[in-house]
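Here's the letter readout for the chains.
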Amino acid sequence: MIKSQCKQQEHFKKVPGPPPAGAFKARPTAPTSFRKFYERGDFPIALEHDTKGNKIAWKVEIEKLDYHHYLPLFFDGLCETEHPWEFFARQGVHDMLEHGGSKILPVIPQLIIPIKNALGKREHKVLCTTLKILQHLVVSADMVGEALVPYYRQILPVMNIFKNKNLNSGDGIDYSQQKRENVGDLIQETLEVFERNGGDDAFINIKYMIPTYESCMLN
Amino acid sequence: MAQVAVVQPKSMTRPKVWSEEVEEAYRFQLAGYRDAIEYKQVHKTDHVDRWPHNGYVKKLVRRDGCFYYYNKTRECPDKEIHKTKMYSY
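The listed protein sequences correspond, in order, to chains A and B. Going letter by letter, the first sequence gives residues 1 to 219 in the UniProt record's numbering. Going letter by letter, the second sequence gives residues 1 to 89 in the UniProt record's numbering.
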């Protein structure tokens with residue numbers, strides 16, 4: 001009797017656990033169209049390789065650019081992780097948002113797919129950049145926060161997955177905080193900016209997609 | 001023929017701490033000019049694009065005709081402060 005029980009237990013031990021679903025794993029994407037356009041020289045930017053590497057020299061005034069054409073293309077480049085594409089996409093988006101004003105709002109619907117793709121890549125660096133860009137986008141012009149509310153269904157699911165990605169280092173130093181590369185913190189910040197700028201419906205829509213989110217305004 | 005009066009600076013100092021003047025000089029020097037005076041001389045204009053709320057430089061045209069755009073807020077990082085040059089006339 002005992003022998004047969006032991007045999008049964010051994011049998012159970014051999015059953016392997018479920019394979020990892022890979023929800024947090026980075027998903028590689030194909031080269032973006034931003035890269036193609038960049039290589040072809042379609043962007044009105046001067047390519048420089050000097051030591052002052054934090055600025056883009058624009059060949060045309062940003063105010064005169066066609067935002068419907070260029071802004072979605074630059075957003076498309078957020079998926080890039082390699083220099084120089086990554087830098088030009090990030091800095092290009094930054095400059096266009098900073099100086100776009102009222103031209104940004106009508107382009108919002110075209111930005112959602114590139115944002116969704118970038119977040120869906122689930123790569124640490126891309127996530128950080130995209131979240132910072134989202135924070136900038138929301139405050140870049142009037143009504144942009146409200147205009148994003150209908151698209152929460154596209155943007156927020158990935159944030160829901162990574163919301164708890166926060167290192168518990170005890171009393172040690174978490175250097176990612178200083179560098180603003182802590183995904184959990186960045187997501188919390190982004191959601192708060194969304195809520196503050198998204199109007200009356202923002203909170204309930206965020207809560208629907210991310211049930212663990214607590215309001216930063218109601219309490 | 002009327003000569004354009006070219007003003008040359010008399011002295012130069014290096015700042016130790018950040019201030020709005022340092023920020024102003026930093027922005028011009030990033031674009032390749034000494035300061036606002038030289039910028040106005042080169043481009044023969046009196047106009048410099050500035051942010052309306054704090055007066056920081058917003059847009060500069062480089063010597064090669066390209067445009068540099070600057071943020072609404074402070075751009076000069078701490079490590080660049082001592083490299084900035086403050087000219088006096």
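Treat the hints with caution; some may be incorrect.
Unchecked claim - Restraint-style ranges between C-beta atoms, simulated for each label pair:
#1 Glu80/B to Ala30/A: 16 to 24 Å
#2 His136/A to Gly32/B: 26 to 34 Å
#3 Thr73/B to Ala23/A: 33 to 41 Å
#4 Arg196/A to Lys79/B: 49 to 57 Å
#5 His136/A to Asp49/B: 17 to 25 Å
Treat the hints as calculated values from the structure; they're not laboratory data. Using N, Cα and C, we set each Cβ at its ideal position, and we do this for glycine too.
Q: List, from low to high, the hint numbers that the structure doesn't satisfy.
A: Checked against the structure, the hints that fail are numbers 1, 4, while the rest are satisfied.
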